[in-house]
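Visitor: Read off the chains here:
Number of protein chains: 2
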Amino acid sequence: MKPHHLLFSLLCLLIFSFAPNTTTPNLVHTVEEFEAKLKQVQPGDSIVLANGVWTDAELLFEANGTSEKPITLTVEEMGKVILSGESNLRIAGDHLIVKGLVFKNGYTPTNAVISFRKSREKIANNSRLTECVIDNYNNPERQVQDYWITIYGKNNRIDHNHIAGKKNLGVTMIVGLDTEESRDNNHKIDHNYFGPRPTYGNNGGETLRIGTSHHALEKSNTLVESNYFDRTNGEHEIISNKACNNTFKYNTFFECTGTLTMRHGNETLVDGNVFIGNNKPSTGGIRVINESQTVINNYHIGLTGYRFRGAFVMMNGVPNSPPNRYVPVIDSKVNNNTFVNCDNILFGAGSDAERSQAPKTSEFSGNIIYNETKKDVFTIDDDISGITFKNNILGENSETTIEEGFKNAKIKLVKDENGLLIPTSSKIKSKVSISPKIATKENTGTSWYSKADNYIALNSGNTIKANAGINTLYEVVKVSKPGDIIILEEGGTYLLTKAVKIDHPLTFKTNGEEKATILFERMMAFEIQNGGSLSLENISFNGTKSPDYAGNSVISTSKTSMIDNYKLFIENCEFKDMVVNHSFDVLRVSKGTFADTISIKNSSFKNISGSIAALDKETDDIGAYNVEYFIMKNNAINDLQGAALRLYRGGKDESTFGPFLEVEHNVFDHVGYGKKNKYDAALSLYGVQEIDIKNNIFKDSKAINMHLVVGEPIVKVLNNALSNSEKLIVTGDQKYEVDNQWEVAPEFDESSNYLLSTDSPLKGKGTDGKDLGLIKN
Amino acid sequence: MKPHHLLFSLLCLLIFSFAPNTTTPNLVHTVEEFEAKLKQVQPGDSIVLANGVWTDAELLFEANGTSEKPITLTVEEMGKVILSGESNLRIAGDHLIVKGLVFKNGYTPTNAVISFRKSREKIANNSRLTECVIDNYNNPERQVQDYWITIYGKNNRIDHNHIAGKKNLGVTMIVGLDTEESRDNNHKIDHNYFGPRPTYGNNGGETLRIGTSHHALEKSNTLVESNYFDRTNGEHEIISNKACNNTFKYNTFFECTGTLTMRHGNETLVDGNVFIGNNKPSTGGIRVINESQTVINNYHIGLTGYRFRGAFVMMNGVPNSPPNRYVPVIDSKVNNNTFVNCDNILFGAGSDAERSQAPKTSEFSGNIIYNETKKDVFTIDDDISGITFKNNILGENSETTIEEGFKNAKIKLVKDENGLLIPTSSKIKSKVSISPKIATKENTGTSWYSKADNYIALNSGNTIKANAGINTLYEVVKVSKPGDIIILEEGGTYLLTKAVKIDHPLTFKTNGEEKATILFERMMAFEIQNGGSLSLENISFNGTKSPDYAGNSVISTSKTSMIDNYKLFIENCEFKDMVVNHSFDVLRVSKGTFADTISIKNSSFKNISGSIAALDKETDDIGAYNVEYFIMKNNAINDLQGAALRLYRGGKDESTFGPFLEVEHNVFDHVGYGKKNKYDAALSLYGVQEIDIKNNIFKDSKAINMHLVVGEPIVKVLNNALSNSEKLIVTGDQKYEVDNQWEVAPEFDESSNYLLSTDSPLKGKGTDGKDLGLIKN
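Protein chains in written order, with numbering that gives the first Met the number 0: chain A, 0 to 776; chain B, 0 to 776.
Careful: at least some of the hints might be erroneous.
If several chains are the same, the list does not tell them apart, and a pair holds so long as it fits within one copy or across any two.
Under the rule of at most 25 Å between Cα atoms (straight-line distance), these lysine to aspartate or glutamate pairs were calculated in the DMTMM-like manner [said to hold, decoys possible]:
hint: 1; residue 1: Lys389; residue 2: Asp351
hint: 2; residue 1: Lys436; residue 2: Glu416
hint: 3; residue 1: Lys775; residue 2: Glu85
hint: 4; residue 1: Lys675; residue 2: Asp732
hint: 5; residue 1: Lys677; residue 2: Glu689
Hints were generated in silico from the structure; no laboratory data involved.
Chain A extracted, bound-state conformation (with noise of 0.2 Å):
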């Protein structure tokens, strides 16, 4: 270094120094400020927003740095600035960073959170999103639209933000090609968390889209590295890839329910990513759609998934399709990638009249799948002459239809560094690794920002007794934590005037032999409210105090709209004398809630004038629907006038999953016989996604009315008794398999209230071995 050098560069620290407002230049506390200072910055510099909380702040960070000096918005210290109430963060200009804010607490009135661009014209270039947070900040109504973060213009990096717990209508982010300034765009999209997004029960709960129908033959040209997708489980699309000439590598895909879908454009390459299902259900992998994608070097583990989101699908197109439905396969490879346990790998699927063209030139080979308990796990849905098959790999007892280019190999797991499961044979010619770039919790997202989850379980707190007599259910429900669990006195009458209303997970039960009693004045006795779960074991419930007008319910959700899941359990219960007036329900929900799981099990229903839950309030016929998994099993139901459920989801999309459906050793008996029963039926399902109806008895009741409509449902009709009551009614064009529909005449044993089937080989036996109708103990 020559002396005037040295000089120079003493000078410059000197100035630096003692500049006065080294300590947090250009510090900023209101919007106000903000935008005063906005309108004075020069490349280089800085605006910090001060600590503390931003309310309804929604900012525009307009100006032009250079790429030796951007400009940089970020925050006096890390995690301590939050976004919240209506805030939102437009981004215009060029080289620009912006780095550590926190959006928490609030939704945006717009359509982004984070948007790169002001206006269409507007748009962010060069330019860095890096180390922000947007944590659960949902707009309230469910069904109302908006976007996380939406990518406009060119050459910008998303990296190491954490991003979780999106719970409204909308991709979580997207990347825009409306515009010609935003294609072949040469964004990066790397390190970033995406952190749990729970099922939508609808379409538009993507994580990630880049591109449009409307700009499908578009060059996108984004790179999408090292991203970890943590249980994204929105819909069946995690990634929706709609564009051409993207790259998605080394990101990770934990126990996300859907697949990478190649949707839209060509030209993908999918390089080197995983995905760890864990044998959770509908955990999927990767589905190819179009023309010279590029699938290599991918490692899949423990998928459940089956149909669209199988481990890897290959789907049918349709012929000279329109951009927006399904261009056929064409010119894609899929080679070297790994299956351990994975259970469905599918080629054309979604085979039908519309999705006739099967795959052309492309290649499947080089792939090593593995499965110690299902033997074949491929499923071929149209013709696969247009799929070359060479030197893939199959466990020593595996085994598939497809004549060539596979072989059984002795096939060893051994762990990798990551704890990942890889297989090791002698014929396995180059070793399964997995890249150290690849994502994981530890290197994405930010370090100040925690990930762990805070969902609280039922039955995770402490006990609380509840004294029988007025409202005391009421105070104590006022008094109690997520997960308790409230303990009724053992034959105790609970009058409830007003109604318990349930934000947080709760259980009530009878301890002891003689269930306590629950009697209510409102319309309804609980009301689940946002963020509520509900366990009921082994309470009687009364309907004889209840309002004389239609429409009451045991059990309701909010009437407006829910933007957690929520979950019911009940076990053991009773519920009778709900006839005060027509339409009482057991449960009944509202548009815009949507239940995870509801179970009810050896409980009873006596005398009763509408149903046991009425999920059918999704009428837009869009596709959502109220409940995932619904479930019914060794239940008594005597004398409801309505339908004993109602399933409804319209709409022919297919983007979800569910609801998947469990009727099992039930016993119906007069069911559905009620003049208001406006379906005629004992069960009315319209949609469902997967049927399980099996060892049931009905006994003069009305009939299961089934309506298939979309998505090759699975549906299973088995060893049912009917007496005296209306056959199985199915319509629309899917397909179902129904056996062993007995129509026989069970006894009836009237003081333990249950129907027998006899051992009889005519009359039958449940599908396990067991008798018809209610099991036992």
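Fit chain B to the supplied structure of chain A, relying on the hints for placement.
Guide: Chain B only, in chain A's frame:
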């Protein structure tokens, strides 16, 4: 006065004057103080609530006074003690007086704001509720039920209360007879002011109910005297009498859209009441069902209601009726009543297969029926041989098909001191007069609480200019006042990136020839919230910037319940290019919302994927619906994929009147052909009560589909032209009128975008003699 008496009096005076707490003895400031004081209270004492707002105060006033020394709960100053939030009051014990409490700004969490019992067992007797106010104290959930006053026990008086603005489900005041202790009760309900109760749009909007069908044959023996019912329009039954031996005297019904209904129970006396309709739609009088009813000396003027809300209605009954259906009319007298300019008097109303029993051994005599415009106001729906008609007087030009018991008289109307028009004639023997005890707005309620309306009309405020640009409308609305008119720039472009929330009445209009254009990026441009009403004039809406999701709409109601009815007017507007995704509606409403009026006139709709108005959200089939009056006139509708209108009123309830529908002089050109149009119709109408579809042109369109189920709807489909369109489809079991449904191809005037009928007699003219389709201005 003896000297020592004087001395004693002076002593008393001294003691009272110098007692430390003479000013306000027993003043309490909190619920805890109230409860503590209550424990010490002695007959003759008062407990005085301190001035201020009492939030969430649930008061139980349980005590025992004596007939000479009642115990009083009152307030420091009248009108200055407000019970708000989740407050309520229960009264239990003997000889209690409650005076001066005001309930507003909240709602009760229980099923009653004020109840004359603590529990089923602990009731109030010999007690009085006076000068209390319940004002707009509504549960925000329109469909959650409560009562405002529930009266139990015996010998209670409810007088001079002010009870106004109930809007949620549930009768305003009930007399309960569910235990023996509440029957033959000798209650007096007098001089109460029942202020406006808007149309509820379902059953459950009664203002006063005595008894229930379950106790219909019990004696109530309640006197309802000198109460003022001011536009209590909740539903069909203003008063629902459901027990025996009640008396209704000197009550005034001012512009009430419904009737005093003897729904159940016998031996009712209805004497000397006044019904003033002022020719408002659906205003009614008295409806007789059951046995031994006496209806005398009532005065009716300007009542226009028909069918069950006629000025006078004698129903048919069900032979051997169960108590909750219609007990036939027997031994009833309807004498000396006066009807001035009332439009409908019915005998045998509701006659159908079930209600087949005509009235018997009854009498209609000495009544005066005068109508200046309608010649015959009588409707005879069944056999009237069981009714003796005697000495009734008709106006000079009136007539009836009833053969005996009527004579014409030259009648002159003379104003009495109340301004009511009294018929006088030489043939009228006993002069018609109104009792001086009749209720007036002045002699009912309290003097210290205003009865003024606080409704603010559309277009009653100031004019505000809104500049073209982004979110300028959003900003201007924030500073607007109810009734304001927001003026848009001629030809200006307005982009909304946030939905404009309308929570008070507002008008938006372009002044000048060229419409301003509104584009919007959210799922809706305008969201009508509780308290809002909207008028749009001369504006163009364009859907090309709206999100790529199913379910957008230009106007949406709040997704949460709206307790206030709203109005929507669209005049001379344009809606176009709303096809970004399916089911894009112009108006999308939510369950739990109700419009008084929706009027769409002189507007155009072009290239839209959904419906113009989707008013089909009340799917519980309990009689609820979404709009009272729907008017659609002189609109051009082109390429609309959904049904133009979806209007649904499920269930078989007869306690409401609407919806009312007018569809006139519109052109439907290629309407209803979308694959997602589940109704497969251009207009889908279900359970609508009045349908008037005339002078329209349907070209290349789906059908009008009407399902007619209940209420003897008035259905006219007249003088419409169908060109390559599906024909009218009618289902259900009700009558309708269809005439002049011409199947012709009208000329199509491309340039001016409307269709012309020709002058050819074959092709027809409208019912008004004008061309079909759009009226040229």
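Visitor: Each of the hints needs a verdict: does it hold here or not?
Guide: Okay, the hints, checked on the actual structure:
1. With identical chains, the CA atoms of lysine 389 and aspartate 351 are never at most 25 Å apart, being 27 Å at best within one copy and 78 Å at best between copies.
2. Taking the shortest alpha-carbon separations for lysine 436 and glutamate 416, only the intra-copy value of 13 Å comes in at or below 25 Å, while the best inter-copy value is 95 Å.
3. Taking the closest pair of Cα atoms, lysine 775 and glutamate 85 never come within 25 Å of each other, the shortest separation being 56 Å inside a single copy and 47 Å across copies.
4. Taking identical chains as interchangeable, the C-alpha atoms of lysine 675 and aspartate 732 lie at most 25 Å apart only when they sit on different chains, with a minimum of 17 Å there against 28 Å within one chain.
5. Proximity of lysine 677 and glutamate 689 under a CA criterion of 25 Å is satisfied in both settings, with 24 Å inside one chain copy and 23 Å between copies.
The structure fails to meet hints 1, 3 from the earlier list, while all remaining hints are met.
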